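Q: Let the hints inform the model, and build the full structure from the sequences given.
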Amino acid sequence: MTLIEQVLFIGRGVIVTLKYTLSALAVGLSVGMGLAILRRQILFRWLVDSVVSLIRGTPLLLQLSFFYFAVPGFLGIRLDIWHAGLIAFGLNSAAYVTEIFRSGIQSVAKGQFEAAKSLQIPTLLLWKDIIIPQVLRNIFPALVNEIISLIKETAIISMFGELDIMRRAQVVAASQFNYFEALCLAAVYYYSLIFIIERVTNKIEKTWYAKY
Amino acid sequence: MLSINNLCKAYVGANLFKNFSLEITARSIVGLTGPSGSGKSTLLRCIQHLENIDSGEIIVNGKAGFIFQDFQLFPHMTVLDNIIYAPVKVLNQPKEVAKKAAEDLLQQLGLLEQQHKYPAALSGGQKQRVAVARSLIMHPDLLLCDEPTSGLDLGSIIGFKQLLQQVHSMGVTMIIASHDINFLAQIASRILVLKHGVIVQDLSKNDFSGSLDLLKDALLA
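Those protein sequence lines, which keep their order, are chains P and V. Under my numbering, read the first sequence as residues 1 to 212, first letter to last. Under my numbering, read the second sequence as residues 1 to 221, first letter to last.
Hints are supplied without guarantee of correctness; some may be wrong.
No more than 20 Å apart at the CA atoms, straight line, and that leaves these computed lysine to any residue pairs for SDA-like [stated by the list, open to error]:
| hint | chain 1 | residue 1 | chain 2 | residue 2 |
| --- | --- | --- | --- | --- |
| 1 | V | K63 | P | E114 |
| 2 | V | K117 | V | T78 |
| 3 | P | K211 | V | Q126 |
| 4 | V | K89 | P | K152 |
| 5 | V | K195 | V | L22 |
| 6 | P | K19 | P | K152 |
| 7 | P | K117 | V | D70 |
| 8 | V | K117 | P | D129 |
| 9 | P | K110 | V | V12 |
| 10 | P | K19 | P | L193 |
Simulated coverage check for chain P against chain V, where a stretch passes if three residues somewhere in it have a Cβ under 8 Å from a Cβ of chain V [what the hints assert, rightly or not]:
| hint | segment |
| --- | --- |
| 11 | 58-65 |
| 12 | 117-129 |
By construction, these hints were calculated from the structure, which means they are not laboratory data. Predicted model, so just to flag it, every value in this text is computed and none were measured. Each residue gets a CB set at the ideal place from its N, CA and C atoms; glycine is no exception.
A: Put into structure tokens, the structure is as follows:
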């Protein structure tokens with residue numbers, strides 16, 4: 001394998017890494033936002049806090065193994081690595097996003113809820129148009145951190161045979177008996193992805209924060 | 001316009017209002033004053049259902065609007081969007097109709113040029129006028145103002161007084177909670193002095209138009 005071939009082979013793993021990252025982010029954001037709002041009801045607070053605590057208190061590798069090996073055996077269903085990964089990464093991200101959203105909601109003045117109530121704005125619109133836009137702005141840097149963490153964490157999927165950046169680097173390393181080049185190439189890909197995200201989100205942040 | 005009958009409300013564990021009753025007639029401007037912790041803001045918040053009451057009843061004949069001490073404009077919306085959001089989304093008015101009404105209001109308030117700015121770019125007095133416009137566009141029959149002059153400079157206070165008189169001429173009843181008795185004496189037709197959730201003085205315009213002595217005595221007693 002020439003160096004160019006190695007670069008191209010490992011590069012194809014970017015799509016797999018991004019597939020897991022973006023899907024997990026979508027699950028994490030929607031579930032995390034929902035849990036953070038649900039948590040405001042005293043009835044659900046204990047439940048949400050327990051789930052978040054459990055997910056944050058166990059390793060991601062264990063969670064992924066649990067959904068890939070344990071749940072299918074227990075329920076008698078077949079779950080491929082893509083679905084197991086989506087659930088594990090998604091729920092893991094949701095736990096952290098719940099906490100990020102919780103702090104974001106707390107950072108919105110209580111008076112904003114009251115002003116909306118005074119204007120008879122219904123609950124759904126209150127959240128959609130008044131509170132969540134303010135929360136998103138407040139938590140944007142923390143959400144960017146979550147995306148960056150997710151990109152790196154998806155490397156665990158390589159242990160289950162998915163051909164992401166990490167797995168492809170291992171394949172190249174094993175075939176060439178040379179770990180140095182292959183792992184350096186993987187690092188360049190991961191770093192490049194994160195560098196692009198940092199630049200893009202910095203730009204978004206600047207434009208957004210300059211508005212108000 | 002407003003009837004409060006036997007209101008009971010505990011606040012931070014203690015009974016603030018105990019069988020509190022009050023009648024306010026339509027088109028009046030009622031000033032509500034008293035020391036900190038006397039229950040001025042809580043009373044306004046109870047009327048607007050921002051606080052749960054323990055017992056009693058509060059009857060408002062019509063819609064009530066609320067001007068918050070710190071305005072509570074929506075920071076992510078422009079001045080215009082702050083004003084037209086509720087008419088469009090809550091009253092289902094066509095956007096163009098709401099926009100026209102908002103522009104008319106902004107014109108009256110001298111804020112038309114600021115309509116595309118975000119609240120952060122406005123002065124305290126301007127924010128307050130936007131808050132008034134946001135309430136007025138919902139056509140309230142009763143306007144509740146919580147400490148409207150705190151944090152405003154003298155020019156803004158004078159401007160706000162004129163604005164309230166303008167609002168009153170539209171037939172809106174007002175209750176203004178404030179520490180500023182000079183301001184209240186200039187604008188109100190009736191002033192209530194509240195202490196520990198009890199009205200200790202109920203003064204009509206004649207009682208305070210010449211001198212503020214009765215008011216000061218009630219506050220210092």
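Q: Now look at each hint and say whether the structure bears it out.
A: So, going through the hints one by one against the coordinates:
| no. | hint | in the structure |
| --- | --- | --- |
| 1 | V:K63 x P:E114 | holds (16 Å) |
| 2 | V:K117 x V:T78 | holds (5 Å) |
| 3 | P:K211 x V:Q126 | holds (18 Å) |
| 4 | V:K89 x P:K152 | violated (42 Å) |
| 5 | V:K195 x V:L22 | holds (14 Å) |
| 6 | P:K19 x P:K152 | holds (13 Å) |
| 7 | P:K117 x V:D70 | holds (16 Å) |
| 8 | V:K117 x P:D129 | holds (18 Å) |
| 9 | P:K110 x V:V12 | holds (17 Å) |
| 10 | P:K19 x P:L193 | holds (13 Å) |
| 11 | 58-65 | violated (count 0) |
| 12 | 117-129 | holds (count 8) |
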